[in-house]
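Engineer: Take a look at the letters that make up each chain.
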Amino acid sequence: DSGVTQTPKHLITATGQRVTLRCSPRSGDLSVYWYQQSLDQGLQFLIQYYNGEERAKGNILERFSAQQFPDLHSELNLSSLELGDSALYFCASSVAGLAEETQYFGPGTRLLVL
Amino acid sequence: KNEVEQSPQNLTAQEGEFITINCSYSVGISALHWLQQHPGGGIVSLFMLSSGKKKHGRLIATINIQEKHSSLHITASHPRDSAVYICAVKETSGSRLTFGEGTQLTVNP
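Read top to bottom, the protein sequences are chains U and X.
Okay, so the first sequence: first residue is 1 according to the working numbering, each after it adds one.
Okay, so the second sequence: first residue is 1 according to the working numbering, each after it adds one.
Incorrect hints may have been included.
As the list claims (entries may be wrong) - Using 25 angstroms as the maximum straight-line C-alpha spacing, the simulated SDA-like pairs for lysine to any residue come out as follows:
hint : chain 1 : residue 1 : chain 2 : residue 2
1    : U       : K9        : X       : S26
2    : X       : K68       : U       : G58
3    : U       : K57       : X       : S24
4    : U       : K57       : X       : V44
5    : U       : K57       : X       : K54
6    : X       : K54       : U       : D1
7    : U       : K57       : X       : E3
8    : X       : K68       : U       : Q41
9    : X       : K55       : U       : I12
10   : U       : K57       : X       : A31
11   : U       : K9        : X       : R80
12   : U       : K57       : X       : R80
13   : U       : K57       : X       : K53
14   : U       : K9        : X       : H38
15   : X       : K54       : U       : E100
16   : U       : K57       : X       : S26
17   : X       : K54       : U       : G58
18   : U       : K9        : X       : K55
19   : X       : K68       : U       : Q44
20   : X       : K53       : U       : K9
21   : X       : K68       : U       : K9
Hints were generated in silico from the structure; no laboratory data involved.
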């Protein structure tokens with residue numbers, strides 16, 4: 001158990017819908033990362049937050065958005081869902097968001113868009 | 001050409017064998033991570049390297065910054081080591097992780 005929690009574990013929805021994925025980092029970790037793992041593209045970095053502020057942006061679509069709240073939990077919002085958005089979405093956390101730090105991964109949310 | 005390439009893509013071994021998984025990258029990096037992904041999907045961080053060598057139990061990770069290459073070794077492999085092993089690099093020019101495609105390891109009893 002990494003100490004990072006993600007909800008829900010599984011999500012099935014239809015094209016065009018909007019969903020929210022939630023992540024709670026390890027106690028004491030200030031930085032949260034979101035990753036997408038799809039069958040055809042492997043693991044991809046989406047976005048990073050540090051203490052409520054966006055720190056780095058990766059291959060995140062405009063239909064997706066995220067935020068980190070004052071209690072440090074983070075939410076990833078996916079809207080106008082397409083079939084290709086079906087994937088495993090991982091959240092990870094680290095203490096200060098530095099390159100040299102270990103990231104601790106949550107169990108992931110498996111999203112299926114029908 | 002991917003910025004991070006792993007070899008082999010698939011590896012099958014007998015229990016007890018010594019295993020090596022390789023990772024080559026083409027960008028300047030500040031750190032390299034080795035991750036393990038179990039069949040259920042969960043990801044565990046094994047090592048973070050910026051130079052030299054690290055050891056944890058039967059796992060050893062090395063990195064050669066000049067050659068832009070890292071290796072993950074598993075000694076006395078066991079069926080429970082069966083998983084996907086993923087190499088990821090943190091580029092010096094940014095703060096995102098770039099991932100290799102992973103190596104599927106199967107260790108047979």
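Engineer: It remains to establish, for every hint, whether it holds in the given structure.
Structural biologist: Results of checking the hints against the structure:
no., hint, verdict
1, U:K9 / X:S26, "violated (35 angstroms)"
2, X:K68 / U:G58, "holds (23 angstroms)"
3, U:K57 / X:S24, "holds (24 angstroms)"
4, U:K57 / X:V44, "holds (23 angstroms)"
5, U:K57 / X:K54, "violated (30 angstroms)"
6, X:K54 / U:D1, "holds (22 angstroms)"
7, U:K57 / X:E3, "holds (18 angstroms)"
8, X:K68 / U:Q41, "holds (23 angstroms)"
9, X:K55 / U:I12, "violated (41 angstroms)"
10, U:K57 / X:A31, "holds (18 angstroms)"
11, U:K9 / X:R80, "holds (24 angstroms)"
12, U:K57 / X:R80, "violated (35 angstroms)"
13, U:K57 / X:K53, "violated (30 angstroms)"
14, U:K9 / X:H38, "holds (16 angstroms)"
15, X:K54 / U:E100, "holds (14 angstroms)"
16, U:K57 / X:S26, "holds (21 angstroms)"
17, X:K54 / U:G58, "violated (29 angstroms)"
18, U:K9 / X:K55, "violated (33 angstroms)"
19, X:K68 / U:Q44, "holds (21 angstroms)"
20, X:K53 / U:K9, "violated (36 angstroms)"
21, X:K68 / U:K9, "violated (37 angstroms)"
When held up to the earlier numbered hints, the structure conflicts with 1, 5, 9, 12, 13, 17, 18, 20 and 21 and fits the remainder.
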